[in-house]
Amino acid sequence: MVGSVQSANKYISDFGLTFRDEEYGSEVIITDLADHPITSGVHQLRILRPSPVMSLGNRTQILARPSNARPNEGVLGIYEGEKGRILALGNSLLWYSFLDYGKNYDNPKVFLNSFSHATQTGAPLDTFFWLFGAIIAVCAMGFATRAGKSTRTLRRILMVAIIFGLSFTIYYPIAKSPVYARDSLQNAFYLEVAIVFLVTFLFSAMEKGLSWSFIFGNSLTWGLVFGYNFFFGYPYWLMILGLIGEGLFFGFLYAFLGAIGQGFIGWVQFVFPGLV
Amino acid sequence: MPLVSPHEVKATPSLHGQPPYFQFGRVYKNSIIEASYKITDSQLITMVYKPSWIDILHQDTEWFSFRVDTSSVGDFLGTIYVNTTDGQTSVAVSITIRDSPQPSVRVLIADSPFSMWSTSNPEDWKTMTDIMDVSLANVTYVLHENGYYTTNFPSNIENYDIILLAEGGIMDTLHIAPRRLRTT
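As given, the protein sequences belong to chains H and G, one line each in that order.
If you read the first sequence in this note's numbering, its first letter stands for residue 1, the second for the next number, and so on.
If you read the second sequence in this note's numbering, its first letter stands for residue 277, the second for the next number, and so on.
The hints are simulated quantities; they were obtained by calculation from the structure and are not laboratory data.
Glycine included, C-beta positions come from ideal geometry on N, C-alpha and C.
Check before you lean on any hint, since a few could be wrong.
Said to hold, decoys possible - Cβ pair distances, simulated, as ranges:
#1 H/Glu-80 <-> G/Val-410: 22 to 28 Å
#2 H/Ser-13 <-> G/Thr-337: 37 to 43 Å
#3 H/Arg-85 <-> G/Tyr-325: 43 to 49 Å
#4 G/Ile-433 <-> H/Arg-59: 21 to 27 Å
#5 H/Arg-59 <-> G/Asn-306: 32 to 38 Å
#6 H/Gly-41 <-> G/Glu-434: 27 to 33 Å
#7 G/Ile-321 <-> H/Gly-81: 51 to 57 Å
#8 H/Glu-82 <-> G/Asn-435: 20 to 26 Å
#9 G/Ile-332 <-> H/Asp-35: 38 to 44 Å
#10 H/Asp-32 <-> G/Gln-364: 51 to 57 Å
To be verified - For the chain H half of the interface with chain G, some residues (derived, Cβ under 10 Å), not all of them:
#11 Ser-4
#12 Tyr-11
#13 Asn-107
Hey, can you work out the whole structure from these sequences and the hints?
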């Protein structure tokens, strides 16, 4: 379309990318691909009449280059930085000239990877881990305070932590899957917070030896997990897998923080006898 | 990497217009799906019939545009009939609307590839619609006609994970919301 290159440049020039109103050729096969999540598993692209996109900025990268391209240019460029993320594909009619024309090559994979990459900003996940870590640290310190008075209680805590460890994750890879993208990640966070409170409740129950409380809390936790899955239409196996893996991670984290907490309390008891 | 959608509703071709039929594939409930159809070698006189789940956006002597009502889940297959100066002609439309599983990504495509100038072979769309299907993309196809967006370009662009601007989309959004798009 006449003027589309100039118009596109009004968008991407602020990001250090620029289209040039030329073509690399009619049918262009590309095998020179940069290492990036968007080109993961991509070995060969076939594009109809692609145009050059040039990388001129610090946070830009050329992801796919024809063999006759200059060093700082190619058909696919990306900016990723504080302004966000923009992907520039030098091709008109992307649904035909790129997707359908290259359907027997790895072109569709570029789109699928882009979709996954766009929903993995990292920020929600990092926030999730920091928040969750803080909650667990507080819980662990609290329980360690009690545990400092009884090695039996400590054993219970460690045992229950490991058991409930099984209610938590291989969270990271699961969270990176498309099924767990953005909205569902937020929902998963709410669910996990609820589980933390339930675990807290169960710890208290164990402290008092209330087995019915344990059963009730356990049932409630799993009811919540399955209800969540049912409501959002996720496969059960995915959540179960996630919870088991997460458990391994957080179980050990609980135990580790608990041990540190116990050591701290022991030190406080030694320095300030009778305070704790 | 060949992609095959496991679920597809088939439409049959029209002989008097372009594109010959519309096959939108599988989309999500409440998404915006817009398209346009060109009458070839004659002029449109009146719209005779359209399925209840299709809303006509604009009608001219040579073309019309429409939007699919995606408020209900299910398989939809129907035909739009129009009277032209050469008699009656029709175009078939098929779409599957779903609400589960939860979409993994929200995609806005402007300009809609389902436009009257796009192709004489709707199978060309299949790779794209299959990608949207298998990636669980909640995709919106916004139509651009004669320099304006029939839907008023979505105001809630912050709600999309990906905004794909094709030629018409690039040209038109420049005067609609370039700064907002740049920072979304």
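- prompt: Against the structure shown, which of the earlier numbered hints fail to hold, in ascending order?
  reply: 9
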